[in-house]
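Those protein sequence lines, which keep their order, are chains A and B. For the first sequence, our numbering assigns the number 1 to the initial residue and increments by one for each residue that follows. For the second sequence, our numbering assigns the number 241 to the initial residue and increments by one for each residue that follows.
There's no promise every hint is true.
As the list claims (entries may be wrong) - Pair ranges (Cβ atoms, derived): (1) A:Asn27 - B:Gln646: 23 to 29 Å; (2) B:Arg652 - A:Arg117: 29 to 35 Å; (3) B:Gly269 - A:Asn27: 25 to 31 Å; (4) B:Arg271 - A:Ser61: 41 to 47 Å; (5) B:Val537 - A:Arg121: 43 to 49 Å; (6) A:Arg117 - B:Leu640: 27 to 33 Å.
Unchecked claim - One side of the interface only, derived from the structure: several residues of chain B facing chain A at Cβ under 8 Å: (7) Val270; (8) Ala567; (9) His574.
Don't read these hints as lab results, they were simulated from the structure. These numbers were taken from a predicted model, which means no experiment stands behind them. No residue lacks a Cβ here, since even glycine has one placed at the ideal position from N, Cα and C.
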Amino acid sequence: MTDIINLAGVSRMFASDPPVAALTDVNLRVRPGDYVSIVGPSGSGKSTLLNILGLLDLPDSGTYHLEGRETTRLDDVTRTALRGARLGFVFQSFHLLAHRDVMENVMLGDLYTGGRRRDRRERATAALDRVGMGHRLHFRPGHLSGGERQRVAIARALIGTPALLLCDEPTGNLDSVNTAAVLDLFDDLRAAGTTLVVITHDETVSRRAGRRVRIADGRLTEIPVAAEVTVPLPVLGGTR
Amino acid sequence: MIGRRRLSGIPISRLDARDLAGEALAGIGVRPARTALTVLATVLGIGTLVTTLGVSATAGNQIAGRFDAVTATEVTVDVAVPASPDSPPAVRWEALDDLSRLNGVTAVAAYAKTAAGSEASVRANTVRDPERVLDRALPVAGSTATLPDAARTGIALGRFFDAGHIARRDRVAVLGAQAAEQLGLSRVDNQPAVFVAGTPFVVIGILAPIGRADQQILAGSVIVPFTTGDETLHLGPLATVVITTALGAAPLIAQQAPAALSPNDPAVVQVHAPPDPAGLRTGVADDVSGLLLILGVVSLVVGALGIANVTLVTVIERTAEIGLRRALGARRRHIAAQFLLESTAVGLLGGIAGASTGIVAVVVISVARDWTPVLDVRLAAGAPLAGALVGLLAGLYPALRAARMQPVDALRGPA
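With the rest of the complex left out, here is chain B (with noise of 0.2 Å):
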């Protein structure tokens, strides 16, 4: 360079950085509408980015935050019924100590049911009416005397059995809200007496609504001491587990529960415990964020090809001007950073319009669904920055054709 300067004598030309962005920024003003139009796309594609991004990111940190606090202590174990009657059971009722110890458990509660289709016959009293049928079908569960707390229920009337009760195998039973209604029963302090087939006995108490989604059968269930159940109704070995757990201990009380209860053969057992936080959050992330990633992409390139487009006919527009630079004294790669500065000046309005309309949408989506909005600092900042790269990428080619032009040529195109 030095020594062609010292030849010619003349400085080779050169164009300021700030000449060179006021060019660019005029050329973009010339048609408002058609950069708008241009710039659309982009913001489409870095938009969808941005919104299918945030709103991911928000959705799993919300599933993380706001993870049900009830369904994240529940486990509910099923035991495998024995394959004889004869054989010992699975499990073994005195084996829910060893598993009320483990930390994190707050409630244990077993049962033994009546299987579905041979539910005990159920009357409130000995009346023959030949008009009515008083006898009522119903599941009954030998329990534990824990099972208000482990199903997460209450007494409306009366009082739960006790290990007392349990003890001495009395023949007492607590009544399920539905199971009463269907009964007749409302009041227990006359100590009525219902008749599972055949047997009396004295209802002490009845539930309040059942907390647990998974243990709604017991609203319209009799439950009997399991002692007495076993004794009197050949209800059989524990079936169900019922396990409320401290927040957050769910999993891994479902992985301990197996080998707490039943030793020797963990597999007996099948848990049913509440989806990991974690493998959900990225389960919602795959399934909404994947296909809306894609749209995003399309968008982009689409953006890309308007901006290539674009900016190719604003060249062959302006070839006349660029003669007319190049007449000037403006070099091929002066002519060539012009365009190339417009398109990408083009791409990254549309990144941070994009941008800006991305983080909006996370926003209101976030505030319709009552979450908090997460987002990532470097996604709102990438955003633009992608969108400049977009529109560089796509005035490469443009820019090259109009760097390309023969001066002579260019002066005798459209003025």
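Bound-form chain A, shown alone (with noise of 0.2 Å):
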């Protein structure tokens, strides 16, 4: 099965004096159903990395083939394109239009990748129901707690049935409660056969992930598994 994400040798230069090397020789395979967490502290690229994942920064060096095609060389239309169709967004303030309400919302994951209009609203009902939150079709963001909103805009990112989640600290503006129920729905989404990428700089959801990527200083090494196995759970709330 074709990886969905192959980055080799990726680099990112920064222009400033000196010049950041905000990535370095960066290699990271994903596969189909993966759920990844790239843990590192502020400062270590993961913004950079994130963004070249996500197709809305190039790398000055390596390639980074998604499901198989190489991005680097693409143009700006095309990754435009790819990044609607293919990609999933979850951002840590996560970018609801407060006067739109959850319906709309979600639908906007939707409004430039050709989805058809006919369906859209039931497609949109569809990933509301997945994250939970089918009953909340009305309510404008304001009105939703954080772990609500954040699962609004998880299931904006699913209309569009991405080949990859990418989530770039879901959980920042979140409480422990909110916190679980969010990992606990990418648990569930994981389950569902979704590829999950989340950059985090907290031990605590990394460890949730099937893999585990430590960044720092744009340098990325893997956290072996057997790791996780001795680490225990943090306790889960009952929102799920």
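Put the two chains together into one complex; each comes in its own frame, and the hints tell you how they fit.
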């Protein structure tokens, strides 16, 4: 089966004085159905890696195959199309439109990718049901808790049936109960076959992933799975 | 495009027109108060333009339509006084016949009059009363028999003199209403006499009020047959020709009168005719509209700057939204189109509201002035389009800025 992600020798420098090497010779393979966490402190190159994985930024060197397709030489329009069609983003600050209700926010995920208008509403409802938000269709984001907002954002990412869900500090703005609910949701999604890459600085969050990758000073190191076994799971809330 | 699609296997992002419209409308609706204020300047601009053009069209039409039936038919000709008393008159009395034959002339009269400052001394009797001054200095006019018709007056008492009186050089007089009052005459059935410079005249009639604004002097005058006047009072050749015309004929008659009256030297006569209605209309339109049109255009420019400013602020405020949309697969042109459509819709809203306001204003002004409102359909239809165009132009720069944003930077922007 084709890898979802295959980063090979990716480097990214930022022109400043002195130049900052945000990523150095990064190699990463993510297979379908993987749940990978990338953990590292701030300034370690997490955001740069996410931007490159999300086709929002281009590496200076190396190759990035997304579902077997080389992306670093694609033009902006095609990368934009690929991003919209194959990637789902989940952000720390949710990025929900405050003046649109939950349903409209989720439908936004399908606006530019050529999804059929006719059944967009049904697909949005289905996505919201998947994240357990089917009872809040016409709420404004302002009337939702942080965890609920993040679940709406996840539903927005899921509506386009992406190959990969890219999550950037998805629990960074959430309390422990809401964090647990979102992590439980990730487990469910993974069980249903979704490929997840979660970028976080929180060890607790990272431990829930099937594979753990540490990033420090722009370099990746895989954390052995064995390490995970001995660590007790955090207390999970009942909001599942 | 096809090749690129095949290469990547991914169809390029697209945005349905209905979705674009929906997103733009939702964007406008986020801040209704701000949108309303932004619209206001455009409303003022378009409203001023529509009102100005509408009112000037209405007023112009009004001048043409209701153009005063009375003044439009009045022509007065002043004849220059001959250089010496012995030289032949510039205009002979007989020339009036030539003038009256012109098509469109309804009445012609002429008179010679005592010059201002040398009015004749007129009294109603010969009694010498040391306690009262009975002499009145009144203008005396030697006139043709057609004067009441031409001067739009009538006879209040008695009668006017006729061609027989003129031919016989009868010493009869008709008094203007004020002149009769000053002389203390209120009846003519007892055939009273007035003494003009010592010469007695039988008063045979008193005039009703004068209808023509430019002939009010006759109300205070003593009017005698021109033959008698020339013989006994030396009033001289005719000095004023009073013409009434059929409706609309005044400009033509004014043009033809000099040649008819004085074929040898048309320049000796000076014609006073009502202004040409067409000229009047353009004059009014120019005067009234010029300034207001400038005002309207200025408001429109202000409106455009307002829309540009607010759209720019909106773009910066919604940086995170732009980043999100780019992450969701929106192309630069989708972002630009959304903001352009938003500013265009704001302009269109302003245009519609401004056109409506302007039309209502034109109707209200027309009702207040008792006019018939005249509205150009093209104006009513074009005003909203002009508003939309203003919005479109104003949105160009902000939309370009929005489209140029890098998604990575935009996602970090204000959420």
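Hints, one by one, checked against the model:
Restraint check, Asn27 (chain A) to Gln646 (chain B): a C-beta distance of roughly 26 Å satisfies the suggested window 23 to 29 Å. At about 31 Å, the CB distance of Arg652 (chain B) to Arg117 (chain A) agrees with the hint of 29 to 35 Å. In this structure the supplied range 25 to 31 Å is violated for Gly269 (chain B) paired with Asn27 (chain A), their Cβ-Cβ distance being about 48 Å. A hinted range of 41 to 47 Å holds for the C-beta pair Arg271 (chain B) and Ser61 (chain A), which are about 45 Å apart.
Hint check: Val537 (chain B) to Arg121 (chain A), Cβ distance near 46 Å, so the stated range 43 to 49 Å holds. For the pair Arg117 (chain A) and Leu640 (chain B), the supplied restraint of 27 to 33 Å holds, since their beta-carbon distance comes to about 28 Å. Interface hint status for Val270 (chain B): upheld, as the beta-carbon distance to the closest one in chain A is roughly 5 Å, under 8 Å. Interface hint at Ala567 (chain B): satisfied, since its Cβ lies 5 Å from the closest Cβ of chain A, which is below the 8 Å cut-off.
Annotation: His574 (chain B) was flagged as interfacial toward chain A, and the flag holds, the nearest CB pair being 6 Å apart, inside 8 Å.
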